[in-house]
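Two independent chains are provided; combine them into the complex using the hints.
Spelled out, the chains give:
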Amino acid sequence: MMIPACRLADLPRGEALRLDIDPPVSVFHTDDGEVFAIDDTCTHQDASLADGWLEGCEVECPLHASKFDLRTGAVDSPPAKLPVRTHEVVIEDGMIHVRVSTDAPNLPPCVAARLAGGPA
Amino acid sequence: MRTVAVVGASLAGLSAARSLRKQGYDGRLVVIGDEAHRPYDRPPLSKEFLAGDLGESDLALETDGEDLRAEWLLGVRATGLDRTRRAVRLADGREIQADGLVIATGAAARRLPGSEGLAGVHVLRTLDDARALRDELARGGRLVVIGGGFVGAEVASTAHALGLEATVVEAAPTPLAAPLGQAMGSIVSALHLDHGVRLLCGVGVKGLSGERKVEAVLLEDGRSIPADIVVVGVGASPCVDWLEGSGVTLDNGVKCGADGRTSLAGVVAVGDCASWYDPRAGHHRRVEHWTGAQERPAAAVATLLAGGAVEPGVPRPPYFWSDQYGVKIQFAGHAAGADSVTVEEGAPDDRNVLAVYRRAGHPVAVLGMNQPRLFTRWRKQLAAAS
Ligand SMILES: Cc1cc2nc3c(=O)[nH]c(=O)nc-3n(C[C@H](O)[C@H](O)[C@H](O)COP(=O)(O)OP(=O)(O)OC[C@H]3O[C@@H](n4cnc5c(N)ncnc54)[C@H](O)[C@@H]3O)c2cc1C
Ligand code: FES
Chain A
20 MMIPACRLAD
30 LPRGEALRLD
40 IDPPVSVFHT
50 DDGEVFAIDD
60 TCTHQDASLA
70 DGWLEGCEVE
80 CPLHASKFDL
90 RTGAVDSPPA
100 KLPVRTHEVV
110 IEDGMIHVRV
120 STDAPNLPPC
130 VAARLAGGPA
Chain B
467 MRTVAVVGAS
477 LAGLSAARSL
487 RKQGYDGRLV
497 VIGDEAHRPY
507 DRPPLSKEFL
517 AGDLGESDLA
527 LETDGEDLRA
537 EWLLGVRATG
547 LDRTRRAVRL
557 ADGREIQADG
567 LVIATGAAAR
577 RLPGSEGLAG
587 VHVLRTLDDA
597 RALRDELARG
607 GRLVVIGGGF
617 VGAEVASTAH
627 ALGLEATVVE
637 AAPTPLAAPL
647 GQAMGSIVSA
657 LHLDHGVRLL
667 CGVGVKGLSG
677 ERKVEAVLLE
687 DGRSIPADIV
697 VVGVGASPCV
707 DWLEGSGVTL
717 DNGVKCGADG
727 RTSLAGVVAV
737 GDCASWYDPR
747 AGHHRRVEHW
757 TGAQERPAAA
767 VATLLAGGAV
777 EPGVPRPPYF
787 WSDQYGVKIQ
797 FAGHAAGADS
807 VTVEEGAPDD
817 RNVLAVYRRA
827 GHPVAVLGMN
837 QPRLFTRWRK
847 QLAAAS
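Protein sequence lines, in the order shown, are assigned to chains A and B.
Its first residue numbered 20, the first sequence is counted upward by one per residue in this note's numbering.
Its first residue numbered 467, the second sequence is counted upward by one per residue in this note's numbering.
If you are wondering where the hints come from, they were derived from the structure by calculation, not from laboratory data.
For each residue, glycine too, the CB sits at the ideal point set by N, CA and C.
This list has only true hints and no planted wrong ones.
If we take Cβ atoms under 10 Å as the criterion, some of the chain B residues that face chain A in the derived model are:
#1 ASP507
#2 ASP524
#3 ASP530
#4 GLU761
#5 ARG843
A few chain B residues that don't get close to chain A, going by computed Cβ distances all over 10 Å:
#6 GLU582
#7 GLY629
#8 THR633
#9 HIS661
#10 VAL700
#11 HIS750
With the rest of the complex left out, here is chain B (with noise of 0.2 Å):
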């Protein structure tokens, strides 16, 4: 293999360019990026760089010196993949020719339709999403956020420790219950309450109300929440639409198997863009969380130096952190297909919980508020007990 194109600039595709090196891959290596920025951290941006505590320097993924020996494109798009002619299309016009192929287009921030050209409506993906945001935040008002995910939820809790009075609505009828489970994610997003942050919930959007800046957010049971600034976290679509009739099999991401292989020969791809086969689950997951976009380029590029002929190892089960109000979140494992839900450790009132998950017995996920110590462990049970 003499040249190897990464397209994706940002956790996942730096960590693909890292592990390529650490295999030996000693060719051309190309990465193409449309940020501006060099790779950067994205979790703090919703908590240490929104409250001001860390500066932009603070977020490179990349340490002092490190040196790749990338060709780094940065601040250009990737519009098309040929297969035939094996060549990346770019926005400028600009063709790259390469043997081998790292899908890591990550997922971008949906939007609400309507509001655009609203000012006071962010939404919260990228370095420049951030400064818009923590800048408006440091001029006050009053906060409305769309969406009670971890994102949102990280956001008011940010926004409520800067001083902001914050609400946040939420369709669903519990916060967090497609990751979290029921009766987790009403203990979790009960961390609004206790510190006097609105949560209103079972309720959808309407819409927007505002002439150039956004004045309310509109209920569909016919409540205005007055808003000086909202903040719409209600998920992220991965970023595969330069994809289409590549030959690149879609399915809500790139669909890959357990090594992150693609429908092409050469091509993998890796972190939020991509759905791997998931031995555990039995099905294909997109999993848009750190830990995954970090340690699977490992794998993935293990296969495209390989040329598909390594058996795909079973990868640890999913893990993410979440930092609200002060506590340490901490979720491993898959909670849909459990059965039953255990507080094994703490009280749920003091926000202090290590819970189990099991199916038909067997643990299958593990959630920890504030217990890193014991949810460490059960975390490391659950990898070895499939």
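The shape of chain A in the complex, shown without the other chains (with noise of 0.2 Å):
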């Protein structure tokens, strides 16, 4: 699937897009001007990385702070365990697209208990 974020020059550094697909995704916009897209919702608990601390290729949780890694997803320390979802970014023209992965995302137990019981 593959999914329209906004114009680049919508997106300035240092900030972030979520796309408020199921589960939401977001976009983040480096200070060094790479796009990179992984799940918005923590692995630990329902928290949005949209409002978390980015900084390099990093973006730290606005909870309890363990940080992931834009391009690998992976987690540095605790208390989230888990890696979080990476997804494929094509710019044209202008416009960043996101293209979902197929991998079944991580979501911390809270979230994942409500999307099996159907939309909240």
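Rendered as structure tokens:
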């Protein structure tokens, strides 16, 4: 599935944009000008990584400070233990698109339970 | 350095052990902890674990298959440090000689004198404490929490969600005034009243009544509050008694430089037991928060491995979170030095607030209630500002 996100020009460096698909995906524009897409929900609890602290190629979860590598999805230290999914980013004619991964997402237990029970 | 011993096998100790390996230390690594458990996470003890939403295996801090090539000596207490022989004495008579030492013994919950041996009276610091309290809450009854600080407030909130009738007793006129200041302390502690949890402020506790099981909490103004379960949440003291006479300077915890170094060469201290020099505040400060216990060991270990020859960086401003009645509370910085607090976003009545504390116009602290995005921005700004 390929989803148009926004125009590159509309996403300033250092900012993130959350796409409200299910589960949500976020697009990050780093200070160095690279663009990455990862699952928006932290794997520890229900926090939006688009609200987090972006530094270099890492985003720190806004709640308990586990850091995720935007390139690989890997997490550096607890409390989160699982990586987030990464998605391919395609920029065409100044437009950012995200090709959503078909891997299973690593959602935190509280969110996974909600999704399994249908939309809340 | 051929042997490093880490005393304390919880968040700060684990984080130090990880940092040692990450920074290339390849020698013998001994981790000593007096609890029988592998390192586990404490914040859920007053929240999801107490509520029954998380089990014990969910609390593990290590990841599956993680191997730090460490010798774990668990269930044994360190009782002393011999600086001339560079050895840690253990309660079972053993001795661990080490060239490098990381002190990470954390803090222990303060108890109420005279409450020993009275059934129904709890503190909450360890997994064993939490198990006992969880089982007791499951039986129901009237709960009185002594102390309106973060842990006490979270216990009241969790117990309320479990359907118990709860009362919080706080000696100060406003709960949380020390960490948050008067104005914000009263906004956050109003969460109790919003949910029908009784909050009694400005009155001290004289004692407890009951023969074998607690029956009531007796207040200094003569009132008696009936109770089936009492949780004493009156703070924690650093676990540093074992260092008395060792030559490690103690002053409300282990006195450390801005990089974790202590008064003894080759010894650093991290986490809740350590009072680091804070260049922002200009004095020593013991910070009892998760994020500091997790982050600072990297700097302390760098100091240890470099023999003290590294320049300490400025650590990020202290940060903590709390979850009460479904509200995410976040705080960063130092409220003590502030001369003003302004609500920049949200409405106090909705318990949705982003407040900035300033001193002479410069932001020194920030509080968020259900404002993670803005909070993070302000937190970043606060770190950059100094
Ligand atoms: C119920 C609860 C809820 C919390 N919630 C939050 C929260 O929401 N947000 C937040 O920021 N922080 C929270 N905290 C604080 C956070 O958990 C602590 O800051 C953190 O655990 C400190 O880690 P530490 O390793 O320094 O100390 P500790 O976790 O206290 O670990 C020290 C370890 O050393 C052991 N030890 C002590 N003395 C000796 C000895 N002589 N020999 C061997 N071992 C010894 C202890 O048994 C313990 O296992 C909470 C704490 C509690 C108790
Ligand atoms: S919710 Fe992200 S680290 Fe806890």
